[in-house]
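Here the protein sequences come in this chain order: A and B. For the first sequence, my numbering gives the first residue as 1, with consecutive numbering after it. For the second sequence, my numbering gives the first residue as 1, with consecutive numbering after it.
Mixed in with the good hints there might be a few duds.
If you only want the chain B side, here are some residues facing chain A, beta carbon under 10 Å, derived [said to hold, decoys possible]:
1. V29
2. N41
3. K49
4. G53
5. L56
6. E66
7. F67
8. S94
Lysine-lysine pairs mimicking PhoX-like chemistry, simulated, CA-CA at most 25 Å apart [as the list claims (entries may be wrong)]:
9. A/K71 with A/K19
10. A/K22 with B/K69
11. A/K36 with A/K67
12. A/K71 with A/K40
13. A/K52 with A/K40
14. A/K9 with A/K67
15. A/K40 with A/K19
16. A/K36 with B/K49
17. B/K49 with B/K69
18. A/K40 with A/K22
19. B/K58 with A/K40
20. A/K52 with A/K19
21. A/K9 with A/K36
22. A/K44 with B/K112
23. A/K40 with B/K69
Listed next, the stretches of chain A that the computed footprint assigns to chain B, with coverage defined by at least 3 CB atoms under 8 Å from CB atoms of chain B [said to hold, decoys possible]:
24. 16-23
25. 68-74
Keep in mind that the hints were calculated from the coordinates and are not lab data. No residue lacks a Cβ here, since even glycine has one placed at the ideal position from N, Cα and C.
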Amino acid sequence: DTAVSQTPKYLVTQMGNDKSIKCEQNLGHDTMYWYKQDSKKFLKIMFSYNNKELIINETVPNRFSPKSPDKAHLNLHINSLELGDSAVYFCASSERQAGVPTGELFFGEGSRLTVL
Amino acid sequence: AQSVTQLDSQVPVFEEAPVELRCNYSSSVSVYLFWYVQYPNQGLQLLLKYLSGSTLVKGINGFEAEFNKSQTSFHLRKPSVHISDTAEYFCAVSERRQKDMRFGAGTRLTVKP
């Protein structure tokens, strides 16, 4: 039973289109994240939600909009896709101990977005 | 804010040789430290972590790391590598009571027969 699952795994689309990536975790964690991994494997945090509340919003174009309908789901919607958006997007979740994040992340398998 | 530097972008070694992947961090407060491994076309998975206590931490697949506060380092080691250890390795730091984790740029470990 997959702990953090993302769909779709691969996404090929044209510039200017709008697309969404979905993420679900069944670990009971209350914090979820989106990371972007570029072609050089560099990982950069984009967003984090805790109990459906946005707690991290790094410098990301406002074409990217996360949505968390409940604490087990965190979706990423991208408007007006550009070539530079091509990357692998990872969803992750984390647990807390005594209300403090331990920091350990559980990752999904990634969604490879290719913009043509 | 915290940051992480992985000193080697690529490390080629022969099978059964020892390996050390280097990681330095900077932070003004106490930190949690992690090593993650990413196999091709997969997500990251945790190898080991340091939260507190003993500075020598043992992880999965025979890896270990040592937290050195004075050197602000958290180097990863394995005494004898296998072909299957070929992967990308990421060091990461999380400041205690902070909300996010910062990753290093990764080290590509290639084990040759």
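Hint-by-hint comparison with the structure:
{"no.": "1", "hint": "V29", "verdict": "13 Å, violated"}
{"no.": "2", "hint": "N41", "verdict": "8 Å, holds"}
{"no.": "3", "hint": "K49", "verdict": "6 Å, holds"}
{"no.": "4", "hint": "G53", "verdict": "14 Å, violated"}
{"no.": "5", "hint": "L56", "verdict": "19 Å, violated"}
{"no.": "6", "hint": "E66", "verdict": "19 Å, violated"}
{"no.": "7", "hint": "F67", "verdict": "14 Å, violated"}
{"no.": "8", "hint": "S94", "verdict": "3 Å, holds"}
{"no.": "9", "hint": "A/K71 with A/K19", "verdict": "22 Å, holds"}
{"no.": "10", "hint": "A/K22 with B/K69", "verdict": "39 Å, violated"}
{"no.": "11", "hint": "A/K36 with A/K67", "verdict": "16 Å, holds"}
{"no.": "12", "hint": "A/K71 with A/K40", "verdict": "31 Å, violated"}
{"no.": "13", "hint": "A/K52 with A/K40", "verdict": "31 Å, violated"}
{"no.": "14", "hint": "A/K9 with A/K67", "verdict": "19 Å, holds"}
{"no.": "15", "hint": "A/K40 with A/K19", "verdict": "23 Å, holds"}
{"no.": "16", "hint": "A/K36 with B/K49", "verdict": "22 Å, holds"}
{"no.": "17", "hint": "B/K49 with B/K69", "verdict": "15 Å, holds"}
{"no.": "18", "hint": "A/K40 with A/K22", "verdict": "24 Å, holds"}
{"no.": "19", "hint": "B/K58 with A/K40", "verdict": "28 Å, violated"}
{"no.": "20", "hint": "A/K52 with A/K19", "verdict": "21 Å, holds"}
{"no.": "21", "hint": "A/K9 with A/K36", "verdict": "14 Å, holds"}
{"no.": "22", "hint": "A/K44 with B/K112", "verdict": "30 Å, violated"}
{"no.": "23", "hint": "A/K40 with B/K69", "verdict": "29 Å, violated"}
{"no.": "24", "hint": "16-23", "verdict": "violated (count 0)"}
{"no.": "25", "hint": "68-74", "verdict": "violated (count 0)"}
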